[in-house]
Structure formats: structure tokens, C-alpha cells
Amino acid sequence: DVKVTQSSRYLVKRTGEKVFLECVQDMDHENMFWYRQDPGLGLRLIYFSYDVKMKEKGDIPEGYSVSREKKERFSLILESASTNQTSMYLCASSSSSRGQPQHFGDGTRLSIL
Amino acid sequence: KNEVEQSPQNLTAQEGEFITINCSYSVGISALHWLQQHPGGGIVSLFMLSSGKKKHGRLIATINIQEKHSSLHITASHPRDSAVYICAVGSSRLTFGEGTQLTVNP
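Same order as they appear, the protein sequences are chains A and B.
Just so you know, the first sequence maps onto residues 1 to 113 in my numbering.
Just so you know, the second sequence maps onto residues 1001 to 1106 in my numbering.
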């Protein structure tokens, strides 16, 4: 089974801090994704990566950056956390082969105080 | 208007009932996905389909490409089916509906 592991289930940080969310997958997937999920808005794509060192902006990239130095690891960075970034963050990965589903991590519930 | 719309937003059923969740989309798609999210956050892919019908256990997913509509059916529902069901369209990059909160009471 594919395993997508997010580094923390719950995280509390302060406004202005630099926050790192880590995601690791064990299936050699080319594609990796970062989403945030908010009530009434559903899942929204922040950034995705289709290869090492490659990244593409999603629908809501403002205030975020990403890093993919190794194929199995995709990091989301909040450069200067703000309260409106309090949310559930979900990482996913998928094969680049046609017709493959995304596999999700358990999510990180991030609170910015 | 969202590109992917689900109905209903909330659904409460009694154990054993037949359940239908609907998804309409406004863009051309390569594939449609049904996902399940249990309390606590983890999301599981249930189906990925581009035409016709797929069945897995008590779950059935159908899609009508001409009408841009998909349905997820649950037969003989059970309290363990209580979850949020999410429709999404796309191949690698997905666009998601807001989800349907299903509660099945014993």
C-alpha cells in the first residue's frame, strides 16, 4: 500500500513564524501536491510538483512556498505565518502514469495564534 | 459558480437505506474521482472513472459524460459509512467539490 506521511497531525505556531510542513511518500511517485481544506471551501490546491526541483503554483499559492529536493519529500513553507493560514493541510502523491489516483496523507491541522 | 457542485451538502440516513450523492461539473474532464474522508482527516480514493459505471462492494459510481453528471450510490448503508464524500475532476491536477457530509444512524 502507498504510504503518504505528514510530519505532524497537529501544530500550533505564532503569527510571523516560519513554518515547515513535511510530506514523505514511499511509492516513488512523480507527482506531489499540497492542499488546504477549509469549511465551505473544500480542498484547494496550493502547489504541486511533478518532478524533483520542479514546482507549479496552484489556485492559492500566496503566502506559501515549496521545496522538492528529493523525489520522496515535498515540503510546504509558510514564510511568515498569519492567522488566515489556520487550516487543515493535506499532502497527496500520484504516479504520472495515466489513470492513477492520488493518495493522501492524514493531514496536519495547523493553528496560527 | 463552482466548477464542481455536489448535492446534497448534508445527508442523514437510517441504517440499511439506499443512498445517492450527486456531482455535476461544468468543465470537460479526463476523469472523475470519488473520495471518502473520515473524521480525523484522512482521505481515501474510492473510484476513478471516465465512463460508465464501477462497483466496489456496496459502493457504485456512475458517470454520464454528455450530462456532465456523476452519482455515488451506497446500498444497505451502515453507520461506518458515515463520512464526507468528495467529488473531484481532472487527471493529475484535481478540482474538488465541497463535499457531502453523510451520517448513517443505527
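Keep in mind the hints are simulated off the structure, nothing from the lab.
Some hints could be false.
For the chain B half of the interface with chain A, some residues (derived, Cβ under 10 Å), not all of them [what the hints assert, rightly or not]:
| id | residue |
| --- | --- |
| 1 | Q1006 |
| 2 | P1008 |
| 3 | V1027 |
| 4 | G1028 |
| 5 | I1029 |
| 6 | A1031 |
| 7 | L1035 |
| 8 | G1041 |
| 9 | I1043 |
| 10 | V1044 |
| 11 | S1045 |
| 12 | S1050 |
| 13 | S1091 |
| 14 | R1093 |
| 15 | T1103 |
Only a predicted model underlies this, so the values are computations on that prediction, with no experimental measurement involved.
A virtual CB, placed ideally from N, CA and C, is assigned to each residue, including glycine.
Quiz item: Looking back at the hints listed earlier, which ones does the structure fail to meet?
Solution: 2, 3, 4, 5 and 15
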